[in-house]
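Colleague: Residue-level listing of the chains:
Number of protein chains: 2
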Amino acid sequence: MDGMSTDAAATTLRAPRPGAELLAEPMRSRWSPAVFATDAAIDDATLESLLVAASWAPSTGNTQPWAFVATRRGTASYDVVVDSLSAGNSGWVPTAPVLIVAATLVGEHDGRSGKGDYTFYDLGQSVAHLTLQAQAVGLHTHQFAGFDHEAAARGLGIPASFRVLAGIAVGYVGEDAHVEAAAPEDADRHRKERVRRALAETAYDGTWGTPLA
Amino acid sequence: MDGMSTDAAATTLRAPRPGAELLAEPMRSRWSPAVFATDAAIDDATLESLLVAASWAPSTGNTQPWAFVATRRGTASYDVVVDSLSAGNSGWVPTAPVLIVAATLVGEHDGRSGKGDYTFYDLGQSVAHLTLQAQAVGLHTHQFAGFDHEAAARGLGIPASFRVLAGIAVGYVGEDAHVEAAAPEDADRHRKERVRRALAETAYDGTWGTPLA
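Protein chains in written order, with my numbering: chain V, 60 to 272; chain E, 60 to 272.
FYI, nobody ran anything at the bench for these hints, they're computed from the structure.
It is possible that part of the hints are untrue.
If several chains are the same, the list does not tell them apart, and a pair holds so long as it fits within one copy or across any two.
Distance condition first, Cα-Cα at most 25 Å in a straight line; then the derived DMTMM-like pairs of lysine to aspartate or glutamate [what the hints assert, rightly or not]:
| no. | residue 1 | residue 2 |
| --- | --- | --- |
| 1 | K251 | D138 |
| 2 | K251 | D235 |
| 3 | K174 | D207 |
| 4 | K174 | E239 |
| 5 | K251 | E80 |
| 6 | K174 | E209 |
| 7 | K174 | E252 |
| 8 | K251 | D103 |
| 9 | K251 | D102 |
| 10 | K251 | E84 |
All figures in this text were calculated on a predicted structure; none of them were measured in a lab.
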């Protein structure tokens with residue numbers, strides 16, 4: 060594009076998107092890459108900080124229904140997750156050095172019980188805190204639902220009282236060389252323009268249908 | 060307590076809690092006050108930025124199932140929310156200048172349909188982005204579920220295809236004078252020590268039950 064370098068164009072397609080420039084970090088710059096830097100690892104302290112962030116999320120009545128199993132490249136547990144991936148996710152997900160499986164309490168466990176729709180709502184909040192902590196320390200994340208949840212639960216020992224909802228790929232964002240080495244569909248996904256519905260369709264002022272002042 | 064001022068003790072009970080000092084902002088300092096500064100308003104641009112942050116959250120297949128109705132003190136809509144509050148929430152919630160009702164798609168609407176448990180998970184993520192944006196610009200939030208969801212939906216015009224899950228009280232944290240003027244149970248709630256389950260009970264390394272290295 061005339062007058063715009065490839066890098067600037069790529070940034071525009073990712074973050075911050077128009078309208079999001081006014082957001083504070085780490086929300087401003089967060090986006091979900093489809094190509095991670097395959098040669099970069101995550102140190103133990105950094106990984107732990109993500110899970111600490113998840114644990115300090117608010118939850119309904121402070122029930123904290125969430126549970127996480129973190130797996131690192133080169134371990135049998137990581138391979139359990141990779142082996143469970145849907146076809147569409149099996150190319151890009153393994154570019155991340157850490158895959159975290161996120162589950163939430165839906166039955167009875169240690170005297171606690173999952174609370175209806177809120178157990179999913181609370182897990183979502185906790186994962187958001189995890190992903191934003193990751194973003195704040197220079198990592199990126201990309202969540203995925205397309206994997207065999209029961210196979211992953213079985214392979215990682217997650218009890219039946221917890222329901223697996225999401226995987227979280229965590230790593231450093233892929234550089235140009237990684238993107239060029241990726242499968243074309245993953246490179247396309249990585250470069251794809253991020254879009255959202257107009258604010259006027261999701262947020263109202265006082266009454267449903269009234270745009271914000 | 061000897062050697063510790065009242066302010067330092069209060070901070071210790073709120074944020075960051077031990078173990079959370081290593082988190083990045085705004086996760087590090089986030090907590091949910093039960094007393095807001097009753098005399099402080101929120102300007103339109105700041106309120107809009109919270110809803111923009113919510114809209115840029117990730118969601119399952121980018122479905123963005125969330126919807127928000129923001130109400131401001133002194134409007135009929137705000138009173139709809141206040142009138143719907145449970146007894147336990149009717150004292151502290153109205154100390155906040157803005158109350159946002161969060162709902163998510165569970166039926167059919169405009170050719171879109173709510174997707175099982177993920178509609179709640181996605182709403183939770185969106186609300187987390189909203190609350191962390193608030194924290195980043197000096198506001199605080201406190202979510203509540205205890206209100207008549209159907210009465211609030213009816214009063215605000217939220218269609219039946221959306222399910223109301225949460226209210227979000229947004230404002231500036233109450234100062235000492237506000238806390239002293241609050242009902243004793245709300246002041247206690249405001250000052251209460253924040254606690255979480257041990258990380259070893261919620262986050263595992265490779266296999267369920269194995270603490271992080």
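Colleague: All hints, please: hold or fail.
Modeller: Right, here's what the structure says about each hint:
no., hint, verdict
1, K251 x D138, "neither (28 Å within a copy, 43 Å between copies)"
2, K251 x D235, "within (15 Å within a copy, 50 Å between copies)"
3, K174 x D207, "both (24 Å within a copy, 17 Å between copies)"
4, K174 x E239, "neither (45 Å within a copy, 34 Å between copies)"
5, K251 x E80, "within (19 Å within a copy, 36 Å between copies)"
6, K174 x E209, "both (21 Å within a copy, 19 Å between copies)"
7, K174 x E252, "between (37 Å within a copy, 24 Å between copies)"
8, K251 x D103, "neither (31 Å within a copy, 32 Å between copies)"
9, K251 x D102, "neither (29 Å within a copy, 34 Å between copies)"
10, K251 x E84, "within (22 Å within a copy, 29 Å between copies)"
Violated hints, in rising order: 1, 4, 8, 9; the structure is consistent with all others.
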